[in-house]
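So the sequences go chain by chain: A and B.
Here this note's numbering = 1-based position in the first sequence + 3.
Here this note's numbering = 1-based position in the second sequence + 659.
Just to be clear, a hint being listed does not mean it is correct.
[Unchecked claim] Heads up, simulated BS3-like pairs for lysine-lysine below, C-alpha to C-alpha not over 27 Å straight-line:
hint : chain 1 : residue 1 : chain 2 : residue 2
1    : A       : Lys25     : A       : Lys39
2    : A       : Lys109    : A       : Lys88
3    : B       : Lys761    : A       : Lys82
4    : B       : Lys744    : A       : Lys39
5    : A       : Lys39     : B       : Lys764
6    : B       : Lys761    : B       : Lys749
Hints listed in this document are in silico derivations from the structure and should not be mistaken for laboratory results.
All values derive from a computational prediction rather than experimental measurement.
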Amino acid sequence: MIYGIFTGHSNFALNAVESAEKIIGPQDKYSIISNKDMSSEEIYGMIDETMKKHGDAAHFFIFIDFYGSSISLPSVRAKQSADSKVTLVFGYNMPMILDFFIHRAKKTPSELHSKLLEVGRMGIR
Amino acid sequence: MKILRIDDRLIHGQVIVGWVKKLGLDSLVLLHEGLDEDIIFLYRSMLEQETDFSPVNVALEEVPVKANSIYVCASVSELYSHREKLMPVKFDLLNFGGLRTKQMKTKLLDFIYMDKEEMKMALELSTSLGAKSNAQELPESENFNIVKILKEHI
Numbered sequence: 004m005i006y007g008i009f010t011g012h013s014n015f016a017l018n019a020v021e022s023a024e025k026i027i028g029p030q031d032k033y034s035i036i037s038n039k040d041m042s043s044e045e046i047y048g049m050i051d052e053t054m055k056k057h058g059d060a061a062h063f064f065i066f067i068d069f070y071g072s073s074i075s076l077p078s079v080r081a082k083q084s085a086d087s088k089v090t091l092v093f094g095y096n097m098p099m100i101l102d103f104f105i106h107r108a109k110k111t112p113s114e115l116h117s118k119l120l121e122v123g124r125m126g127i128r
Numbered sequence: 660m661k662i663l664r665i666d667d668r669l670i671h672g673q674v675i676v677g678w679v680k681k682l683g684l685d686s687l688v689l690l691h692e693g694l695d696e697d698i699i700f701l702y703r704s705m706l707e708q709e710t711d712f713s714p715v716n717v718a719l720e721e722v723p724v725k726a727n728s729i730y731v732c733a734s735v736s737e738l739y740s741h742r743e744k745l746m747p748v749k750f751d752l753l754n755f756g757g758l759r760t761k762q763m764k765t766k767l768l769d770f771i772y773m774d775k776e777e778m779k780m781a782l783e784l785s786t787s788l789g790a791k792s793n794a795q796e797l798p799e800s801e802n803f804n805i806v807k808i809l810k811e812h813i
């Protein structure tokens, strides 16, 4: 199963995922990380700790609220350290969260990544 | 307007959107002591194309003078070590924007943590640079008198 790490400023990630769960029901195998009052090193530590704690996951998708945020660099570091086991998704929206939970058990990481980019763009009109 | 910001997250959302975009700044100067090229590349890619971006290794290079700009550095000690190179820029504002590493540090504000040595260096910088000093995350967020806070904690 692909594990999801949803990150963002303040309560962005928490509220976004909770809102998605109102639509498709409660989900598991995911974590929320906020950058609130955290240094870059602390953010990296949180991501790294989450990945180690769930080391049995086949793959990790790290969602970052926007490219250039303080979570970007720690996420890139996490990807560098875990190499092919991590996919980064910058600038996520509700359709992408929904499709991540709906499709993550059926698709490969590469297929899922393509799907999320497609639905994310389609969701914007 | 020339702003010197100390922020251990360096270039991130608050800087890119909250300061550069909001204040219409033309240039961003990244002051560092030997960051990897791939990290600098990543920072550059985060900025809009019209933003003039200059990474400067303060240990090796001179600090350029750029009008309507923000200079960003990760730590008080880095700035303090190279303070002579910063004098010619004549900053309008020394902004303590975020020092969030908490280990072995004293909390001065929710977003500012320093040890005693850093506090002394910060206070000296606030005097020697001749700029107005503050602690403020964003141009429109609460503006704290950092000099007063530092003096209370030293």
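- Task: For the pair supplied as a hint, lysine 39/A and lysine 764/B, confirm whether the alpha-carbon distance does not exceed 27 Å.
- Result: Holds, because 18 Å separates the two Cα atoms, which is no more than 27 Å.
- Query: When you check the alpha-carbon spacing of lysine 761/B and lysine 82/A, does it fall within 27 Å?
  - Reply: Between lysine 761/B and lysine 82/A the Cα gap is close to 25 Å, so the pair holds against 27 Å.
- Item | Pair hint lysine 109/A and lysine 88/A, alpha-carbon separation not exceeding 27 Å | Holds, at roughly 17 Å.
- If you draw a straight line from the CA of lysine 744/B to the CA of lysine 39/A, is it 27 Å or shorter? With a Cα-Cα distance of about 33 Å, the restraint between lysine 744/B and lysine 39/A is violated, given a limit of 27 Å.
- Hey, lysine 761/B versus lysine 749/B, does the alpha-carbon distance stay inside 27 Å? Since the Cα atoms of lysine 761/B and lysine 749/B sit roughly 31 Å apart, the hinted pair is violated (cutoff 27 Å).
- Holds or violated: are the alpha carbons of lysine 25/A and lysine 39/A at most 27 Å from each other? holds, 24 Å
Comparing the model with each earlier hint shows violations of hints 4 and 6; every other hint is respected.
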